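Asker: Okay, here's what each chain looks like letter by letter:
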Amino acid sequence: GDSVTQMEGPVTLSEEAFLTINCTYTATGYPSLFWYVQYPGEGLQLLLKATKADDKGSNKGFEATYRKETTSFHLEKGSVQVSDSAVYFCALSEPNDYKLSFGAGTTVTVRA
Amino acid sequence: KAGVTQTPRYLIKTRGQQVTLSCSPISGHRSVSWYQQTPGQGLQFLFEYFSETQRNKGNFPGRFSGRQFSNSRSEMNVSTLELGDSALYLCASSPVVMNTEAFFGQGTRLTVV
Numbered sequence: 215g216d217s218v219t220q221m222e223g224p225v226t227l228s229e230e231a232f233l234t235i236n237c238t239y240t241a242t243g244y245p246s247l248f249w250y251v252q253y254p255g256e257g258l259q260l261l262l263k264a265t266k267a268d269d270k271g272s273n274k275g276f277e278a279t280y281r282k283e284t285t286s287f288h289l290e291k292g293s294v295q296v297s298d299s300a301v302y303f304c305a306l307s308e309p310n311d312y313k314l315s316f317g318a319g320t321t322v323t324v325r326a
Numbered sequence: 010k011a012g013v014t015q016t017p018r019y020l021i022k023t024r025g026q027q028v029t030l031s032c033s034p035i036s037g038h039r040s041v042s043w044y045q046q047t048p049g050q051g052l053q054f055l056f057e058y059f060s061e062t063q064r065n066k067g068n069f070p071g072r073f074s075g076r077q078f079s080n081s082r083s084e085m086n087v088s089t090l091e092l093g094d095s096a097l098y099l100c101a102s103s104p105v106v107m108n109t110e111a112f113f114g115q116g117t118r119l120t121v122v
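Chain order of the listed sequences is P and R.
What the first sequence shows, in the working numbering, is residues 215 to 326, in sequence order.
What the second sequence shows, in the working numbering, is residues 10 to 122, in sequence order.
If you're looking for bench data, these hints aren't it; they were derived computationally from the structure.
These numbers were taken from a predicted model, which means no experiment stands behind them.
Just so it is clear, CB atoms sit at the ideal spot from N, CA and C, and this is done for glycine as well.
Do not rely on the hints blindly, as some may be mistaken.
Estimated spans, in silico, between C-beta atoms of each pair [claimed, not checked]:
#1 P:GLY255 to R:THR29: 14 to 24 Å
#2 P:LYS282 to R:ARG39: 23 to 33 Å
#3 P:GLU230 to R:GLU61: 28 to 38 Å
#4 P:SER217 to R:LYS66: 36 to 46 Å
#5 R:ARG76 to P:SER217: 27 to 37 Å
#6 R:ARG72 to P:GLU229: 45 to 55 Å
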C-alpha cells in the first residue's frame with residue numbers, strides 16, 4: 215500500500231536559518247504529492263503540491279521537487295521566520311484512490 | 010468564498026454514547042473526506058464521499074460510519090464510543106478528487122471520558 219515517511223522531529227531553528235524536511239514515499243502508481251501545514255488549534259492548509267515527476271511546487275518561499283527516481287519530495291525554505299513555526303505533513307494521493315496518505319508530521323519551531 | 014465548516018468544534022462524550030459530527034464543504038465541492046488525527050497514530054483516513062456515494066473507506070471498525078447528502082454536506086457517526094476514539098476529526102473537501110487539492114476544516118475535537 216501507499217506510505218509516506220517523514221523526517222523525525224522536532225526541528226528547532228533560528229530565524230533566517232535554512233529548513234529542509236525530508237519526505238520519501240511508496241506508491242503503486244503515479245501519485246500527486248503535497249505538503250500541508252498545521253498551525254496550533256487549526257486544520258491543515260495546503261502549502262504546495264506537485265502532480266508529476268520533476269514538477270516543482272512552491273509557495274511562501276517553500277519549495278519541493280517531485281523526484282520519481284528517489285521517490286522523494288523534500289521540503290525546503292531558504293530563510294525561515296518565527297511565523298513558520300508549525301507542524302508540516304507530507305502526503306500523497308493516487309489517482310482513483312480518493313484519499314490522502316500522510317506522513318507522521320514534523321514539528322518545526324523557529325526562535326527569534 | 011466560505012471555507013470548510015465543521016460543527017461542533019468541541020465535544021465531550023461518555024464511553025458507550027454515540028456522536029454525530031457535521032461538515033459543510035466549500036460551495037461547489039462534491040468530494041468530502043474524513044480523517045482522524047491522534048498523537049499516537051497521526052492522520053488516518055476514515056472515508057470519502059462523492060455525490061452521496063462512498064468511494065473509499067479506511068481501516069476503521071464498523072462503529073464509524075458516514076454519509077453525504079444531496080447538497081454535499083456530510084456527517085460522520087461514531088457509535089459505542091471508546092476512550093481511544095478521542096481525537097481531532099478533520100473534514101476535507103475537494104472539487105472532484107483528492108489528487109488535485111483538498112481543503113480542510115478546523116476540525117472537531119472529540120473527548121471521550
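Asker: Enumerate the violated hints, using their earlier numbering and listing them in ascending order.
Answerer: 3 and 4
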